[in-house]
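Use the sequences and the hints to build the structure in full.
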Amino acid sequence: MTRLRVFRGTKTGGELHDYDVAAAEGMVVLDAVHAIQAEQAPDLAVRWNCKAGKCGSCSAEINGKPRLMCMTRMSDYAPGETITIMPMKAFPLIKDLVTDVSWNYEVNKRIPAFQPRKPDAPDGTWRMYQFEIERPQEFRKCIECFLCQDVCHVLRTHEKHEQFMGPAMLVRAAVYEMHPLDTADRREHLRHEGGIGYCNITKCCTEVCPESITITDNAIIPLKERVVDASYDPVAALWRKITG
Amino acid sequence: MPDIRSLDYDVIVIGAGGAGLRAAIEASAQKAKVALVCKSLLGKAHTVMAEGGAAAALGNVMSEDNWRVHFRDTMRGGKMHNNWRMAQIHAQEAPDRINELEAWGALFDRTPDGRINQRPFGGHTYSRLAHVGDRTGLEMIRVLQDKGVHSGIDVHMECTIVRLFVVGGQIAGALGYFRETGRFVLFRSGAIVLATGGIGKAWQITSNSWEYTGDGHALAYDAGAELIDMEFVQFHPTGMVWPPSVRGILVTEGVRGEGGVLKNTQGERFMFRYMPDMFKGDYADTEAEADAWVKGDRKQNRRPPELLTRDVVAKAIVKEIAEGRGTEHGGVILDIASKQNADYIRKKLPSMYHQFKELAHVDITKDPMEIGPTTHYVMGGVKVDAETQESTVPGLYAAGEVGGGMHGANRLGGNSLSDLLVFGRRAGQSAASRRGSAPAIPDAEVEQAIREALAPFEREGENPFAVQAALQKVMQRDAGIIRDQRGLENALAELEKLKGRARTVGVTGSREYNPGWHTAIDLGSLLVVAEASARAALERTESRGAHTRSDYPDSDEKQARAQVVIKKAGDGMVVRREAQPPIPADLLTLIKEGA
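The listed protein sequences derive, respectively, from chains A and B. With my numbering applied, the first sequence covers 31 to 274. With my numbering applied, the second sequence covers 424 to 1018.
Some clues are possibly wrong.
[To be verified] Simulated coverage check for chain B against chain A, where a stretch passes if three residues somewhere in it have a Cβ under 8 Å from a Cβ of chain A:
1. 664-675
2. 888-894
3. 927-936
[Stated by the list, open to error] Keeping only pairs whose Cα atoms sit at most 20 Å apart, straight-line, the calculated EDC-like set for lysine to aspartate or glutamate is:
4. A:Lys119 / B:Glu603
5. A:Lys148 / B:Asp519
6. B:Lys770 / A:Glu162
7. A:Lys95 / B:Glu781
8. B:Lys780 / A:Glu162
[To be verified] To list a few chain B residues with every Cβ distance to chain A over 10 Å, as calculated:
9. Lys467
10. Arg565
11. Val578
12. Arg696
13. Arg725
14. Glu751
15. Ser774
16. Lys789
17. Ile873
18. Ala878
19. Asn913
20. Glu962
21. Lys990
22. Met996
23. Val997
24. Pro1005
No lab work stands behind these hints, which were simulated from the structure alone. Just so it is clear, the structure is predicted and the values come from calculations on it, not from any experiment. Each residue gets a CB set at the ideal place from its N, CA and C atoms; glycine is no exception.
Shown next, in the form of structure tokens:
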């Protein structure tokens, strides 16, 4: 038997409940939560879909660490250790382990859309080379689990949701910014509405990413450089003045 | 009028995987006011799990490819049972749909000359699958998602539809509830597109998520639409088997596409022994020839037999295990470590590498994988018109997995991702063209549907999870890969008992995000699709594609074009056989003699 301590509650409050679950070989934390649902608490709310680390639905804080429940094995914990599962802290609670992540979708909607250059070939297709797309392909691995948003202190501690889009959405913008075919300019958006300046590169986001995306080094820092170049490069500023 | 929110739209799309998103984008492009209703959060639908790629005869890797070869492969893979017109439209339009995704921002892997790369896959004559490593579905859904949110579509997330309303013989709207609040919502529209995916949650060992309870199939059935081909359920040859908690999780066919081989515990590459007559001559005879093909010499050599169609490979694996050449956990060996180097494997199959490493502590660049069949996809579905995707209920459309006909008796890997683009677009187009005021839905019908949905709260009955588990067990045992009359009759008798139990399930707690309640509601859909599948399987007295009867082990050519049709009559399910339209002579010649 393994003891799980699971947060139960709603917007108005809640507390930790203990459940004992029979551990089977290879079991992951999500299996244990399902076992609780099936046998002890059918109304225990949890969000999940693929149970294979591909959809990013079952994010939670397991013994204080933001993780996917489906990719966390029970055997990662010492025998007899109580496993505590809390909902993500950076988002409003709906119920039990489920949080309201709709804010992320709103932020994403406002990122300027992809605009491809004119097709390269008469048949309307483009030519891109593998080396050119490695970087944006890395960002496209994002499964939108929002664990990076959850761990980011700008959102988690300082609650700057109004001013800062967070690492996940910076990664989202970076896909298009570094897309070889894209012609749109998102620098103003990143600087003002996106609040990219709030990120002070603590790399917590990179550490929790279940897809091992190097969020800070490969997405955020290059985006910061682009934004800074656009805003403070005196030559570029002069050029903009001349050309309007 | 019951006191619930009510919303009016030109088109309602139920389901936000590839087909639903593509339909919504198209309807919106036709200036329709569109609602996209999804059971989960946007971007989490089952499409996200598709790994290997999307089949389209782009001819980027092997220029010999064209729609005719793709059509022929699809018909042969479907064992000649497919709706030929759908298979033709699919093969002809898939390349445009893939190129269109690139215009919307998709980043497919590239060929050395900068085009979309294509990989070989089971049953496809040429390298045909546009892909992104082994996470093609994720790429597709993200691209469609971003295109969708910039197209002015209203997205209603975590909203489950429980009833369709048909008034005066045509579709009039849908009733749903939001998971977060448990509150109901009435969508009013004269055009509804079902894009709800499949039914795989009716089996115990499955690669499908909790959502796959056959909601669209059941909603359409209850609305009076016809279902076809429900006996054809694809069991994917390669699911994980160990440890128990991961049993059923998909292992992409891409592993075999990239050179992975299947072995029994005697170390034998057994697929050479399972060559069906239909494919003799198309596949390698020797390991040396197969290996040379994998190394890239594809003109002089033929494909490895591991790339036979899924029905053939799954049955071969079942036979090897039944005859005692399986592993102790009830699987066989899939080995790529001895065929490709570690860097190549990590580059081409990153999620497989990650999945085995994290969940099974197996390093696939060094060690073999243990795999066995897992419930994956239903070929059957709502009967639709090939051109418009309209069902037999006016105003109700179906696209993607919930639609029937395209894949016949067995789907080729990669044909699903292209199917949902091709027919999602067509469904969206047809639905948008139907615009106009929807007939009014009588209040009493809405009130009745709400009462039925809330009934489990009134009872102190059985736990719905227990009934769901019992149903999965019955289907796994009696309506699995190998069926016979006795098992299927037993399944139907058991399902009858389960219907009774489902009527008495009770739930506790509030209506807010209550999985017990959600499961109680989904049970209704599961029971419809399980019964439909078992009844259709009993009716088809032959083995064809994914449908294997141990009491009728051979294919019966007289039944090749016979279709089992299921329809609701009163409270019962009526099963009948119907002859499909004959395949036109020129296409028949093409299939028989090659393109």
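Verification of the hints:
1. Coverage of the region 664-675 of chain B by chain A holds in this model, with 7 residues showing a Cβ closer than 8 Å to a Cβ of that chain against a need of three.
2. Counting residues of the region 888-894 of chain B whose C-beta sits closer than 8 Å to any C-beta of chain A gives 3, which meets the bar of three, so the coverage hint holds.
3. Figure legend: the region 927-936 of chain B, annotated as covered by chain A; annotation consistent (6 residues with Cβ-Cβ distances under 8 Å, at least 3 required).
4. Annotation: proposed proximity of A:Lys119 to B:Glu603 holds, straight-line Cα distance about 18 Å (limit 20 Å).
5. Restraint check for A:Lys148 and B:Asp519: satisfied, since their Cα atoms lie roughly 17 Å apart, inside the 20 Å limit.
6. The straight-line distance between the Cα atoms of B:Lys770 and A:Glu162 is roughly 16 Å, inside the 20 Å bound, and the hint therefore holds.
7. With a C-alpha separation of about 17 Å, the suggested pair A:Lys95 and B:Glu781 falls inside the 20 Å cut-off, and the hint holds.
8. About 29 Å separates the Cα atoms of B:Lys780 and A:Glu162, which puts this hinted pair outside 20 Å; it is violated.
9. With a least CB separation of 5 Å from chain A, B:Lys467 falls inside the 10 Å interface cut-off, contrary to its annotation.
10. Interface exclusion of B:Arg565 from chain A breaks down, the closest Cβ pair being 6 Å apart, not more than 10 Å.
11. Residue placement check: B:Val578 does not keep its beta carbon more than 10 Å from all beta carbons of chain A (closest about 8 Å).
12. With 10 Å as the threshold on Cβ separation, the claim that B:Arg696 sits away from chain A holds: the shortest Cβ distance comes to roughly 32 Å.
13. With a minimum CB-CB distance of about 28 Å to chain A, B:Arg725 clears the 10 Å threshold, and the non-interface call stands.
14. Taking the minimum C-beta to C-beta distance to chain A, about 13 Å, the non-interface status of B:Glu751 holds against the 10 Å cut.
15. A beta-carbon of chain A is positioned within 10 Å of the beta-carbon of B:Ser774; the least distance is around 7 Å.
16. Taking the minimum C-beta to C-beta distance to chain A, about 19 Å, the non-interface status of B:Lys789 holds against the 10 Å cut.
17. Every CB of chain A lies more than 10 Å from the CB of B:Ile873, the least distance being 20 Å, so the non-interface label holds.
18. Against chain A, the non-interface label of B:Ala878 holds: every CB pair exceeds 10 Å, the least being about 16 Å.
19. With a minimum CB-CB distance of about 25 Å to chain A, B:Asn913 clears the 10 Å threshold, and the non-interface call stands.
20. Every beta carbon of chain A lies more than 10 Å from that of B:Glu962, the smallest distance being close to 33 Å; the non-interface claim holds.
21. Chain A leaves B:Lys990 outside its interface by the beta-carbon criterion, the shortest separation being 32 Å against a cut-off of 10 Å.
22. Chain A leaves B:Met996 outside its interface by the beta-carbon criterion, the shortest separation being 29 Å against a cut-off of 10 Å.
23. Residue placement check: B:Val997 keeps its beta carbon more than 10 Å from all beta carbons of chain A (closest about 34 Å).
24. Distance check for B:Pro1005 against chain A: the nearest CB is about 35 Å away, which clears 10 Å, and the non-interface claim stands.
Violated hints, in rising order: 8, 9, 10, 11, 15; the structure is consistent with all others.
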